[in-house]
Amino acid sequence: MEWEDTGLTRRNFIKLLGAAPASLAVGLPPDSGRHAKLVDTFKCIGCRRCMSACKRWNKLPPYEVPESMVRDMDGTTYTVVNFMRDKRNAEAGKFVKWQCQHCIKPACAGVCPVTAITKNPVTGAVVVDETKCMGCKYCYQACPFKVPRFDFHKRITRKCHLCYNRVPKIKPACVAGCPVQALDYGERDLMLEKAREKAKLVKGYVLGEYEAGGTDVITILPSPPEELGLTVAAKKVINEDIDRLRISSTGFFTGAAVAAALYLYGRGNGGDGDKDK
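With the numbering used here, you'll find the sequence shown wraps up at 284, consecutive numbering, no jumps.
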């Protein structure tokens with residue numbers, strides 16, 4: 008479920024970035040203490056127990072679709088597993104687990120007008136505070152991977168939060184639930200080293216080393232993401248632009264004023280959030 012028509016124009020999106028308070032939480036550069044999740048598509052058998060584990064831990068309703076259908080994230084489904092075929096080589100297709108990539112410098116946090124999204128530089132988790140989220144959906148527009156989903160029942164944005172209430176002492180639910188060790192969680196340097204070694208061995212591709220400036224979910228793919236039909240994220244760090252555009256919270260707008268302006272703007276453009284695009 009995607010909703011790209013939010014009445015947001017390029018000009019107004021730039022205005023939003025400039026109006027966001029300087030106190031927004033953004034990511035920090037990689038360091039030895041940073042953690043990350045590793046996804047090895049060469050080990051994945053497509054059992055989807057990771058999806059079930061995620062549902063159980065977060066007390067979410069089951070996701071039931073015919074086996075032949077492509078699974079997509081929604082407001083109560085934070086991760087999905089689909090078989091992705093290589094456009095150049097059908098034999099190179101693999102089951103791919105997809106979720107929030109937990110960018111090191113998350114653009115979603117940079118554009119949230121109510122500071123509802125924060126990044127933990129140690130655990131790697133990018134988390135939406137559901138008590139603050141106003142459901143404006145601008146995080147989706149900013150996300151280089153187009154991940155955040157709108158929960159039409161709660162009228163807020165939701166996504167994978169990397170089990171922030173478990174890590175780093177306990178591994179994420181999906182990692183713990185994988186029966187073939189296709190998932191791992193640990194210090195990012197170690198996860199990245201494992202990914203590079205495996206990719207070199209199988210002539211694969213490491214997703215997350217450079218995309219969006221680097222992410223705290225690292226995936227070993229058989230081919231580059233564009234060949235598998237996955238969302239292709241630019242390697243440029245979007246927050247570098249956001250930082251130049253952002254004004255301080257003592258400037259023309261406060262977070263509350265920006266939130267009110269965005270709400271009225273959305274209403275005026277038919278952006279009532281009731282349509283599932």
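It should be emphasised that the hints constitute simulated quantities derived from the structure, not laboratory data. There may be inaccurate statements among the hints.
Claimed, not checked - Mimicking DSS-like on lysine-lysine, the simulated pairs with C-alpha atoms at most 30 Å apart in a straight line are:
1. K243 <-> K153
2. K243 <-> K207
3. K207 <-> K161
4. K176 <-> K201
5. K62 <-> K139
6. K139 <-> K94
7. K153 <-> K139
8. K243 <-> K94
9. K139 <-> K178
10. K242 <-> K153
11. K178 <-> K66
12. K94 <-> K66
13. K210 <-> K161
14. K178 <-> K161
15. K176 <-> K94
16. K201 <-> K94
17. K210 <-> K243
Just so it is clear, the structure is predicted and the values come from calculations on it, not from any experiment.
Taking the hints in turn, this is what the structure says about them:
1. K243 <-> K153: holds, 16 Å
2. K243 <-> K207: holds, 24 Å
3. K207 <-> K161: Since the Cα atoms of K207 and K161 sit roughly 44 Å apart, the hinted pair is violated (cutoff 30 Å).
4. K176 <-> K201: holds, 21 Å
5. K62 <-> K139: Roughly 23 Å separates the two Cα atoms, so the pair holds.
6. K139 <-> K94: The hint is violated at about 42 Å.
7. K153 <-> K139: It holds: about 21 Å lies between the C-alpha atoms, which stays within 30 Å.
8. K243 <-> K94: holds, 25 Å
9. K139 <-> K178: holds, 26 Å
10. K242 <-> K153: Holds - the C-alpha atoms of K153 and K242 are around 15 Å apart, at most 30 Å.
11. K178 <-> K66: Roughly 17 Å separates the two Cα atoms, so the pair holds.
12. K94 <-> K66: violated, 37 Å
13. K210 <-> K161: Violated: K210 and K161 sit about 44 Å apart, past 30 Å.
14. K178 <-> K161: Between K178 and K161 the Cα gap is close to 28 Å, so the pair holds against 30 Å.
15. K176 <-> K94: violated, 40 Å
16. K201 <-> K94: holds, 26 Å
17. K210 <-> K243: holds, 25 Å
Checked against the numbered hints given earlier, this structure breaks hints 3, 6, 12, 13 and 15; the rest are met.
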